[in-house]
Amino acid sequence: MSRGHKQRQWVKPASAPNSEINVTPLVDVVLVLLIIFMVVTPLLEKDILVRVPETEVEENQPPPEPDDQQIVVQVDKAGAYSINTEQIPASDYIPRLKRMLNAKKPDEKVVFFMADDAANYGKLVVALDGARAAGAKILGMATELPQNAVIQGTQTTPDGAAPAPAPAPTP
792 MSRGHKQRQW VKPASAPNSE INVTPLVDVV LVLLIIFMVV TPLLEKDILV
842 RVPETEVEEN QPPPEPDDQQ IVVQVDKAGA YSINTEQIPA SDYIPRLKRM
892 LNAKKPDEKV VFFMADDAAN YGKLVVALDG ARAAGAKILG MATELPQNAV
942 IQGTQTTPDG AAPAPAPAPT P
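Counting with my numbering, you get residues 792 to 962 for the letters of the sequence shown.
Don't take every hint at face value.
[Claimed, not checked] In silico lysine-lysine, BS3-like type, Cα no more than 27 Å apart, as pairs:
1) K928 <-> K914
2) K797 <-> K837
3) K889 <-> K900
4) K889 <-> K837
5) K928 <-> K900
6) K868 <-> K896
7) K868 <-> K889
8) K914 <-> K895
9) K889 <-> K914
10) K914 <-> K900
11) K914 <-> K868
[As the list claims (entries may be wrong)] Pairwise CB distance ranges (calculated):
12) A933 <-> E847: 14 to 24 Å
13) T934 <-> L834: 50 to 60 Å
14) L825 <-> R887: 55 to 65 Å
15) V916 <-> N893: 18 to 28 Å
Source of the hints: derived by calculation from the structure; they are not laboratory data.
Beta carbons: idealized from backbone N, C-alpha and C, even for Gly.
Start from the sequences and build out the full structure, keeping to the hints where you can.
Spelled out as structure tokens, the structure:
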């Protein structure tokens, strides 16, 4: 044999190759998901309490007539406030509303709100908070203008159309 030549040595594996799937990582992932669901599930069960008015249907009584002394606050798309169709500056909103509400009985301190579809939601929330600060006990939302509502200086007729404008005074 020559001295510079090395012999090859074969290493025989101690056992046959393992063809089974290792499930340990799968179990780890499933346990982590289980813990996440256990933590998140109680948070999903929180309810928001909503006070829904009780309804009583009395077919024999006609609905009450609208009160001429109702307070209706309008918020237009520019964010300007109007109380009973009289446009007022935002700085005078709460004091004027407070004077109007102080003249009413405690159970009649109701303010209705009507906002333009394009009105800023933040301005409406400020109006609602201002009414509560002025002493309003009940806040209501109006979805339609009453038939006798005044819109920007013109009164609507029962069919919803604006009446003919009054003639201008002659000089």
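Hints and how they fare:
Proposed proximity of K928 and K914 is supported: the alpha carbons are some 20 Å apart, at most 27 Å. Under the criterion of a C-alpha separation no larger than 27 Å, the hint pairing K797 with K837 is inconsistent with the structure, at around 77 Å. Distance check on the hinted pair: K889 and K900 sit about 10 Å apart at the alpha-carbon level, within 27 Å; holds. Between the alpha carbons of K889 and K837 the distance comes to roughly 37 Å, so the proposed pair goes past 27 Å and is violated.
Restraint check for K928 and K900: the C-alpha separation of about 5 Å stays at or below 27 Å, so the hint holds. Between K868 and K896, the direct Cα distance comes to roughly 32 Å. Violation of the 27 Å bound is thereby established for this hinted pair. For the proposed pair K868 and K889, the alpha carbon gap of about 24 Å is at most 27 Å, so the pair holds. A distance of roughly 26 Å separates the Cα atoms of K914 and K895; the hinted pair therefore holds under the 27 Å criterion.
With a C-alpha separation of about 18 Å, the suggested pair K889 and K914 falls inside the 27 Å cut-off, and the hint holds. Note on K914 and K900: the hinted pairing holds, with a Cα-Cα distance of about 21 Å set against a maximum of 27 Å. Annotation: proposed proximity of K914 to K868 holds, straight-line Cα distance about 10 Å (limit 27 Å). Between A933 and E847 the CB atoms are about 22 Å apart, so this pair conforms to the stated range of 14 to 24 Å.
Take T934 and L834: their Cβ atoms lie about 34 Å apart, and the range 50 to 60 Å is violated. With their beta carbons about 60 Å apart, L825 and R887 fall inside the hinted range of 55 to 65 Å. A beta carbon spacing of about 24 Å between V916 and N893 agrees with the range 18 to 28 Å that was offered as a hint.
The structure shown violates the earlier hints numbered 2, 4, 6 and 13.
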